[in-house]
Every structure is written in structure tokens, then in C-alpha cells.
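**Student:** Using the sequences and the hints given, assemble the complete structure.
Protein chains: 2
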Amino acid sequence: MSVSRAAIWKHIQKLREDGYVIESSPKKGYILKKAPDLLLSNEIREGLTTEIFGRGDIVYFSETDSTNTRAKELADQGAPEGTVVVSEKQTDGRGRKGRNWFSPSREGIYVSLILRPGISPDEAPKTTLLTAVAVAEALISLTLLKVSIKWPNDILTNGKKIAGILTEIRAEIDAIDYIIVGLGLNVNTPDFPDDIRENATSILIETGKHFPRVTVIREYLKQYERYYKIFGRIGFEPILTRWKELSNIIGRQITVEATGTKHTGQVQDIDRDGVLILKDNAGKYHRIFSGDVILM
Amino acid sequence: MSVSRAAIWKHIQKLREDGYVIESSPKKGYILKKAPDLLLSNEIREGLTTEIFGRGDIVYFSETDSTNTRAKELADQGAPEGTVVVSEKQTDGRGRKGRNWFSPSREGIYVSLILRPGISPDEAPKTTLLTAVAVAEALISLTLLKVSIKWPNDILTNGKKIAGILTEIRAEIDAIDYIIVGLGLNVNTPDFPDDIRENATSILIETGKHFPRVTVIREYLKQYERYYKIFGRIGFEPILTRWKELSNIIGRQITVEATGTKHTGQVQDIDRDGVLILKDNAGKYHRIFSGDVILM
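Chains A and B are the protein sequences, given in the same order.
Just so we're aligned, residue 1 is where the first sequence starts under our numbering, counting upward by one.
Just so we're aligned, residue 1 is where the second sequence starts under our numbering, counting upward by one.
Source of the hints: derived by calculation from the structure; they are not laboratory data.
Yeah, the Cβ is synthetic: ideal placement off N, Cα and C, and Gly gets one too.
Wrong hints could be hidden among the right ones.
Claimed, not checked - Taking beta-carbon pairs under 7 angstroms as the criterion, some of the chain A residues facing chain B (in silico):
id, residue
1, D92
2, R96
3, S120
4, P125
5, T128
6, T167
7, E168
8, I169
9, R170
10, A171
11, I173
12, D174
13, E198
14, F289
15, S290
Said to hold, decoys possible - Pulled a few chain B residues facing chain A out of the computed Cβ check, cut under 10 angstroms:
id, residue
16, D18
17, Y20
18, K72
19, R96
20, S120
21, A124
22, T127
23, P152
24, N153
25, R170
26, A171
27, E172
28, D174
29, D177
30, S290
To be verified - Here are the simulated DMTMM-like pairs of lysine to aspartate or glutamate, each with C-alpha atoms no more than 25 angstroms apart in a straight line:
id, chain 1, residue 1, chain 2, residue 2
31, A, K262, B, D271
32, A, K97, B, E73
33, B, K284, A, D269
**Tutor:** Printed below as a string of C-alpha cells:
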């Protein structure tokens with residue numbers, strides 16, 4: 001098949017628009033000098049050694065409202081476990097309880113995974129803890145930053161939020177149909193809006209270095225798969241152990257607000273279901289499934 | 001406004017096609033002799049005294065795949081709590097774990113309710129127990145049959161299944177977005193297919209009488225609302241008490257299969273979360289969220 005010069009030139013122009021730096025040389029033809037840090041499926045897949053996450057579809061958006069919303073639609077249509085939905089930008093990035101997640105274009109990672117684990121709905125909180133461990137491990141292995149997990153789903157560095165997790169479930173009473181695990185991770189964000197500046201940070205801010213987002217997402221998928229396989233084959237115990245090492249909450253005095261009620265007391269433990277056990281100041285014990293924690 | 005004779009005649013023909021028996025009398029005009037037992041919104045609403053269920057939309061289908069599927073779509077689009085979806089027939093009526101629910105046209109009640117309770121996902125099983133109580137109470141008050149609940153979601157008469165409940169959830173880890181409570185209730189079904197004949201029954205078979213389905217669904221909505229309000233205002237305790245009175249499981253020797261594992265032992269209790277507490281034959285206790293029970 002012969003391709004015209006003009007047709008090649010059109011393709012090259014398209015790549016340049018996407019941020020690829022391509023030189024043309026009279027003798028050698030076109031030379032790729034620099035690839036942009038885009039989260040394109042092919043870029044993510046390159047060198048990815050996972051067997052579940054990212055092996056099937058990696059659905060890419062340059063912009064979407066929320067990767068979790070897109071992933072839910074795909075899962076409703078039967079998309080298999082391991083499907084990855086990624087966007088360069090979210091116009092309606094969501095955190096827990098309908099809160100906003102700041103999602104500027106090409107600065108962070110906004111990615112949702114479809115899970116179809118054979119567990120019952122009361123075990124769903126375990127996947128949030130698993131995700132927190134995977135994110136923390138990916139951050140630690142790439143950046144060497146000190147990372148801690150704030151129960152149930154915030155990843156902190158230097159006391160500030162560097163990543164957040166949003167877990168959504170579709171289930172029958174018996175069995176989970178699917179779980180969507182959304183991650184918002186601040187990678188190369190240089191600065192944040194006034195209302196969150198005090199509480200938010202990014203890898204760039206903490207390390208002074210730009211990290212290729214492709215490398216970060218690949219490491220996340222790798223760590224996710226590692227812990228997800230441990231969960232499936234061995235159980236939750238090893239994940240909980242690692243979670244506790246990474247968390248700063250056990251033994252701490254906290255106030256936690258959950259489904260309208262507020263409790264203040266000392267965290268006794270995270271039990272084997274991932275549920276927080278709080279002893280309030282009157283000595284009464286509470287099992288808390290999820291909620292907003294204020295460290296005292 | 002004047003309406004032509006021909007236009008009126010067309011409307012009357014349409015009603016006759018739907019099963020209305022209408023006589024025409026030269027002097028008096030048209031006389032309604034008999035209304036068919038259809039679950040049309042207007043028929044259900046007539047005399048309905050509820051404030052939540054059936055006060056807003058009652059979405060009617062003469063045929064659909066599954067009322068739960070339709071209700072989920074509506075809930076995804078923001079349909080409020082109390083929305084009722086009803087169909088005369090289901091072509092793909094579903095029970096737990098993708099099992100089929102026999103749904104012949106105009107013989108049973110196939111109805112789904114949208115709930116948006118302010119509870120956390122681990123409390124969802126409570127709504128299945130609540131639904132079982134509402135169904136049992138409606139059956140008892142109308143038919144005087146002896147009705148029992150088989151944990152978690154079957155309603156039995158004379159040892160046979162007369163109704164089934166399918167609960168589906170959309171949730172974040174923190175909070176339930178919505179719950180769909182589907183009910184399949186055999187009302188005027190004269191007979192069942194071979195494969196379920198031994199285990200299935202209907203109000204007609206048990207009482208020898210045809211009950212208007214409209215009356216049955218109205219009673220169900222009334223009972224549902226009663227218990228749902230108790231749940232919201234007082235809590236789960238009174239519902240659990242009534243559930244235990246109606247259930248035949250406590251103290252019984254059973255085998256229960258849940259998420260791939262099987263346990264045999266004696267039922268100690270249903271705890272305040274609606275979870276079954278089983279002491280197996282080795283003396284070990286198990287908390288069982290949901291599963292298939294075989295009474296021994």
C-alpha cells in the first residue's frame with residue numbers, strides 16, 4: 001500500500017496538536033523528539049505487566065464529567081472487571097458525598113476501575129481500604145514521600161490531601177454486581193484554588209519534580225493488581241495489616257460524623273471488616289462503617 | 001366543547017379492549033358494568049391513603065422485562081422516593097442471583113418501589129426484612145392465610161413460596177443513593193409450570209378465591225408505608241420484633257449457602273442489623289449477611 005506525503009503530513013500535524021514534538025528531516029523523514037504526557041491507552045499499556053487492570057479496555061477521555069459516572073455506564077452495559085476509564089480532565093469530578101474533586105486538565109490522574117469481586121456487599125469497605133493501600137504504595141515507591149492514610153479514603157502527605165478515593169457499588173443484597181473505584185491523584189498540579197489550598201497538595205509541590213503521569217498510573221495499576229490478587233487468594237488480613245502500618249488513626253482521639261450522628265472518642269481498631277471501632281468518651285463502643293473524621 | 005358521537009365511541013372501544021364491560025343504552029348513554037382488574041395508576045390511587053408510596057408517579061407497563069430494571073433507570077434519572085413501577089407482565093422477571101420469577105400477564109403483582117433512606121449500605125438488609133414484614137402483613141390482613149417468612153426474602157404459605165423480594169442497591173461506601181425493592185406476588189395464578197409447581201403457590205390456590213390485584217397492591221403500599229415510617233421514626237427494633245414473630249427460622253437446624261461457602265448448624269438469632277447468627281455443628285459462630293437456606 002502506498003501512502004501519499006500529504007496523508008502522512010496530516011497525521012503528523014494531528015500528533016503535534018496533541019503535544020508530540022516531531023522534527024522533519026529531509027533525509028531521515030520524521031523524527032519523534034518528545035511525546036506529551038498523555039494518558040492514552042497505548043502509552044499506559046506500554047510496559048504494563050498486569051493481567052487484570054488495563055489488560056482489557058482502557059477507555060480514554062480528553063475531558064469528561066466524571067470517570068466514575070462513565071465507568072458506571074460501562075459496567076451497567078456489562079464491561080468486565082479490569083476495565084480502566086481515564087480522563088485528562090473532569091468537569092464534575094466527585095469526592096465522597098457529592099463533594100467536588102479539583103480536576104484540572106493534564107495535571108492529575110483521574111481514573112476509575114471496574115471490579116467484579118465475588119464478595120457480599122458488607123465486604124465492600126474492604127475495597128476502599130485496599131485502594132488506599134495501593135495508592136499509598138504507588139506514591140511511596142515512585143516518590144519516596146512519606147504518605148499516610150486517613151480513614152476511610154484520603155491519602156495524605158505532609159498533612160495535606162494528595163489523593164482521594166470514591167467507591168461506588170451496584171449490588172443485590174446477596175452479591176455485588178460491580179464496584180467502581182475512582183481515584184483522583186494530584187500529580188503535577190502547581191497550585192490549588194483558594195478554598196482548598198491549605199488542605200491540598202501534589203507530587204510536584206512536595207517533591208519539586210514533574211512526574212510523568214503515565215508512569216504514576218502504571219505504578220498504581222501494578223500495585224492495585226498486586227493487592228487485589230492478595231485479597232482474592234489469601235484474604236483481607238495482609239491488606240489490613242499494611243493499611244494499619246500506613247494509617248495514622250489507631251489510638252488517636254477523633255470526632256467522626258456518620259449518617260447524621262457524631263461521636264467523639266478514641267479509635268480502638270479497624271476490625272477485620274474494615275470497620276472503625278470507636279470507644280466514645282462515655283466508654284461506649286461504636287462500629288462505624290464510614291464517615292468524616294476530624295483528628296483531635 | 002362538543003365531542004362527536006364517533007369520538008366517544010372510539011374511546012369506549014378502547015376501554016372495552018382493556019377489559020371494561022360497557023353497555024350502551026339508548027336513553028342513559030353508556031353504562032360501566034364491570035372494570036377489569038388492571039393495575040393502572042388511577043385504579044391504584046383510588047382510595048389510597050399513603051403519603052409516600054404511590055403519591056408521586058405510578059409508572060405502569062402492560063408488559064416489561066423487569067420492573068426492577070425500569071425502576072433503576074428511573075432512579076438513576078433522579079426519580080424520588082415513593083415512585084412505584086408496576087407491570088401486568090414481566091418477560092424477564094428476576095429473583096435473587098439472576099434467578100427467574102414466573103410473571104404471567106395479569107395474574108400476579110410485579111411491583112418495584114424506589115427508596116432513598118438516609119442509611120448506610122450496611123443497613124440495607126434491614127429493608128429486605130422490612131419488605132418481608134409488609135408483604136406478610138398485607139397477605140394476612142386481606143386473606144387471613146397463615147403466612148411465614150423464610151430468611152432472607154421468601155414469603156411462604158403452606159410451605160410454598162407465594163411471594164419473593166429482590167432488593168437492589170446503588171450506593172457509595174458512605175451512603176445509599178437508592179434502594180429498589182422489587183416484589184413478585186402470586187395472586188390469581190391458577191397453576192405453575194412443572195419445574196416450580198411443587199414449591200410455588202398463589203392466593204387463588206390457597207383460598208379458592210380471586211382477589212382483585214388492585215386491592216392487594218393498595219394494601220401492600222399501605223403496609224409498606226406503615227413499616228417504613230416506623231423504621232424512619234422509631235428504628236428497626238419494632239420491625240425486627242414483628243419479623244421474628246412471622247419467621248420460622250430461629251432455633252431451627254439449617255444449611256445456608258452464601259458467597260460460595262456452606263454452613264450447617266442452628267440459627268441462634270437474627271441480630272439487630274438483620275444478619276443471621278448461625279452456630280455451626282462444631283460450635284463456631286457465623287454472621288451471615290444473606291444466602292440460600294435449606295431448613296432441615
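**Student:** Please go over all the hints and tell whether each is borne out by the structure.
**Tutor:** Hints, one by one, checked against the model:
no. : hint             : verdict
1   : D92              : violated, 15 angstroms
2   : R96              : holds, 6 angstroms
3   : S120             : holds, 5 angstroms
4   : P125             : holds, 6 angstroms
5   : T128             : holds, 5 angstroms
6   : T167             : holds, 5 angstroms
7   : E168             : holds, 6 angstroms
8   : I169             : holds, 5 angstroms
9   : R170             : holds, 6 angstroms
10  : A171             : holds, 5 angstroms
11  : I173             : holds, 5 angstroms
12  : D174             : holds, 4 angstroms
13  : E198             : violated, 24 angstroms
14  : F289             : holds, 5 angstroms
15  : S290             : holds, 4 angstroms
16  : D18              : violated, 34 angstroms
17  : Y20              : violated, 39 angstroms
18  : K72              : holds, 9 angstroms
19  : R96              : holds, 6 angstroms
20  : S120             : holds, 5 angstroms
21  : A124             : holds, 6 angstroms
22  : T127             : holds, 8 angstroms
23  : P152             : holds, 7 angstroms
24  : N153             : holds, 7 angstroms
25  : R170             : holds, 6 angstroms
26  : A171             : holds, 5 angstroms
27  : E172             : holds, 6 angstroms
28  : D174             : holds, 4 angstroms
29  : D177             : holds, 8 angstroms
30  : S290             : holds, 4 angstroms
31  : A:K262 to B:D271 : holds, 23 angstroms
32  : A:K97 to B:E73   : holds, 21 angstroms
33  : B:K284 to A:D269 : holds, 23 angstroms
The earlier numbered hints that this structure contradicts are 1, 13, 16, 17.
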